[in-house]
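Undergrad: Chains A and B supply the protein sequences, listed in that same order.
Numbering-wise (the working numbering), the first sequence opens with residue 124 and increments by one.
Numbering-wise (the working numbering), the second sequence opens with residue 124 and increments by one.
Careful: at least some of the hints might be erroneous.
One copy or two, either will do: identical chains are not told apart, so a pair holds if it fits within one copy or between any two.
Claimed, not checked - Each computed DSSO-like pair below joins lysine-lysine, with the alpha-carbon atoms no more than 27 Å apart: (1) 182 x 317; (2) 624 x 225; (3) 380 x 182; (4) 380 x 624.
Calculated from the structure, these hints are not laboratory results.
There are 2 protein chains.
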Amino acid sequence: MAAVAHAIGRSERIAPLPRARPNIVLFLVDDLGWQDASVPMHSERTPFNDRYRTPNLEKLAARGVRFTNAYASAPVCTPTRTAIMTGKAPARTHITYWTLNKDTDTSRPRDDVAAPDWAVNGLQPGDHETLPAILRSAGYRTIHVGKAHFGAHGTPGGDPTSLGFDVNIAGHASGGPASYYGLQHFTVAGRQGKPPHETSSVWDIPGLEVYHGHDIYLTEALAIEASRAIRDAVDAGVPFFMNFAPYAVHAPIMGNKKYEPNYPDLDDRERAYASMIETYDVALGALVTTLEETGQLENTVIIFSSDNGGLSAHARGKAPDGQTRHTHNAPLKSGKGSAYEGGTRVPTIIAWPGVTDSLQADARSIDTPIISHDFFPTIIGLAGLQADLGPDRGSEIDGRDLSPLLTGRPQLFDADRVLGWNQPHQWGADGPGIRPFTSIRRGDWKLIYFHAGRRFELYNLAADLGEASDLAAEDPDRVAELAGVMEAWIERTGAQLSIDKTTGEEIERPGVAARSWIDQHATSGAGSTP
Amino acid sequence: MAAVAHAIGRSERIAPLPRARPNIVLFLVDDLGWQDASVPMHSERTPFNDRYRTPNLEKLAARGVRFTNAYASAPVCTPTRTAIMTGKAPARTHITYWTLNKDTDTSRPRDDVAAPDWAVNGLQPGDHETLPAILRSAGYRTIHVGKAHFGAHGTPGGDPTSLGFDVNIAGHASGGPASYYGLQHFTVAGRQGKPPHETSSVWDIPGLEVYHGHDIYLTEALAIEASRAIRDAVDAGVPFFMNFAPYAVHAPIMGNKKYEPNYPDLDDRERAYASMIETYDVALGALVTTLEETGQLENTVIIFSSDNGGLSAHARGKAPDGQTRHTHNAPLKSGKGSAYEGGTRVPTIIAWPGVTDSLQADARSIDTPIISHDFFPTIIGLAGLQADLGPDRGSEIDGRDLSPLLTGRPQLFDADRVLGWNQPHQWGADGPGIRPFTSIRRGDWKLIYFHAGRRFELYNLAADLGEASDLAAEDPDRVAELAGVMEAWIERTGAQLSIDKTTGEEIERPGVAARSWIDQHATSGAGSTP
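With the rest of the complex left out, here is chain A:
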């Protein structure tokens, strides 16, 4: 596969390599939408960019590269997080939805289609080689901080240390925090105003007992612990990989009162959300400070991203354009859980000292589509381990080494590759595109196959970023062509589609389904579009 060729061949093409074995910090904010920063991820600034305050991310962007077409591997958390850990698309691992308790399917039931027999326990030791295990075997200290959400409660994968992490700070099998407040002990009971340990909940944050009763925000506590872990690694003289995942800005929307006064013009809920955003940014700044003070900043690659699109279903406040609900990722459509761009497009910035900061300005904003599981071979390459990624391993890896893009040699990267998403599940909330689906993007074109009703939608993202004009009916040839590409992608990854509840069988593959759909819906004959 091309991905492997990139990974293996990198050191031959790109020279000189910076210092061997840099530290790597993956700063993975939760549910962070494409617009949830003051750094523009769109070709132009938006009202959201002006609303939020993320000066530390701006500084990171100033010495890094900014990806305007970066995607999460999935519209919800666990699939993306495990894709990063394995380098494999969720379609391949069958970890296609978020996990919680052992042997329990969290998919919301529907009348027409059901989830397939997916990996309801998430990532488990031995199932796949994991990024931290590979790095650890190469001498890295591997540190997880914050939300893990790799495997289910009651399974080994619920504990990040079973998956290759040397250190686990506050990570477990749950994907959201009971509370962001140390005064509430980060527990459900505390949030309900009861004695914080009166009842226990799977959502209670583990391992931060030292912060119980202190008036501190969860993101801040995690950042302090991360600073401590970084200092410990530096003191020990070992390179480190840190997966910093601050739970925020996942629901519940609970403000940080230090920053809320910075947003006097917003309503209470939006003010709280904006303060959560500012808090992650301050945490980023604090980690950079730690790296500076320990003399490691110039030897540390920082990757900033999100695990899925921003939550739009629960937003109560008004977007800058005056619309409510599902506009929180504008100009993108919909949000977390959706097949539309708002569900998967995420802010992504990578700063590689001595490399990205020496690029020309026009090479610092990259339009090439990338996807979360690209971080796997990229990080392995950064660690100088490309030779270890042999064909036997590489044949299973869907991610591609991003180093050509990071080093200003985009011509060495396959910009026209097919990216695919597969979520044969109904997410909990209602909203545009929040339905079981498979989708692919190739170039500017995106085809969505909605499993229930076997419906297709086609968008040209270059012309129609907001997915307002579905072109499927007027461009059946392209639907047919891309349905074939999608089918090939399904074959290649082993993706599972939804189960038709009437027949008990998997629904039709997109090639077959597209032919039926075109017969019924196409407004023009075959060949009407070039």
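With chain A's structure known, arrange chain B on it following the hints.
TA: Okay, now just chain B, sitting in the frame of chain A:
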């Protein structure tokens, strides 16, 4: 001495003793004035009590005893702090002023009198038996957190671990913080808006590197570290003594933005000060939470106090009564550095689970005068070590075991003992009573001997808490009598008086000086007062 008799005899008088070897937390706020809490320390609530928010201190008071006549050992920091560590009045140790650098006298020069040859290096290992060393030898883990200020920079005593502490968190030889803000790295350079390590300063806080770059307040960082140290001790199964001294509310007055919005009616500086007060209270609550979670609350004695009166010289804002400067301890006169009550009277609450919480309400507010160095024999007694305090040691100890007062048996405590203060130094700021002095209190009467000019002032604190009516001229017999008592106290403690710069000799002892003063100033003949 009576102090020793109390200490040695305690177990015979007071039974049953609660669980052996309780943990002990001394929560010693810096420069905290008598009115700097919502808990009233006066016989009635004051406007300051209504201004400030200290709900956790209120809870502590609800299960503890409140001392309305508690005094610091001195009007400035080092003397009180070392008096607690040694059980000896500053007059006895000759540590009568605050220390900073080795062999350097920090006293402000005056034209008329000079400081004597005092212990400019502060407390040094081997000079005196220290409280933590005694507790450590009995199996306690001894933990210092925050401001130490025991000995000078460049001397062993500058490091708390040289004085018997097993653990030192952020303590050194300086008595004030460069900055309260983690974003400024707690350094002078950071506070000045420069790169935080561009210059170094003796005021920079050591040992909190993990918090650099984080948006956290110093008191909060110290409280988190304290919680960690408590948990470590509990995990190790050892009792602990913690000297928690949060630097705050010492200058610089720098607000905690989380709490500033709670004080909309105050001016900027008073709002910042109020937020510093609320922050110490939240820290107290957090330590109580840690004790609760570790199952230690019922086995931990908490002593809450301050090291001297509240700063009044620098206050710019108006007091509730509309006056400015030196009214920040109203109804007391003046503040830190002064011979008047505002300089030394401090809030003090002690909660001894199973003991103070079982007292009748009328025994919970204690008017008996006490002084900081009483904590030394009290804590040693609490640790079950009274038998170790033999006469040879005891003869040097000025503090008295407070357990009779804590157990509701005030008749066993000598309420009429003489308390003395001796500060043969000019403090840096100007203000009422901020001059070299010696003073004593016996019963309701207080005599002050101001060294420059050999002046005497006499107050009846029962009738005149605010020291508005100096009775010395109209009651020369009492001046003469108390001058004799003062002289005896000077003899007993070995107090050093100021040096007359004209003669180069120590000034007259109060007995001689009082006779001269009475001859010149008395408005009535001997015997005019009973």
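Undergrad: State for each hint whether it applies.
TA: Hints, one by one, checked against the model:
Taking the shortest alpha-carbon separations for residue 182 and residue 317, only the inter-copy value of 18 Å comes in at or below 27 Å, while the best intra-copy value is 42 Å. In the homo-oligomer, the alpha carbons of residue 624 and residue 225 lie at most 27 Å apart inside one protomer (24 Å), although the nearest pairing across protomers, at 84 Å, exceeds that limit. Proximity of residue 380 and residue 182 under a CA criterion of 27 Å is satisfied in both settings, with 24 Å inside one chain copy and 24 Å between copies. In the homo-oligomer, the alpha carbons of residue 380 and residue 624 never lie at most 27 Å apart, since the shortest distance is 48 Å inside one protomer and 56 Å across protomers.
The structure does not agree with numbered hint 4 stated previously, though it agrees with all others.
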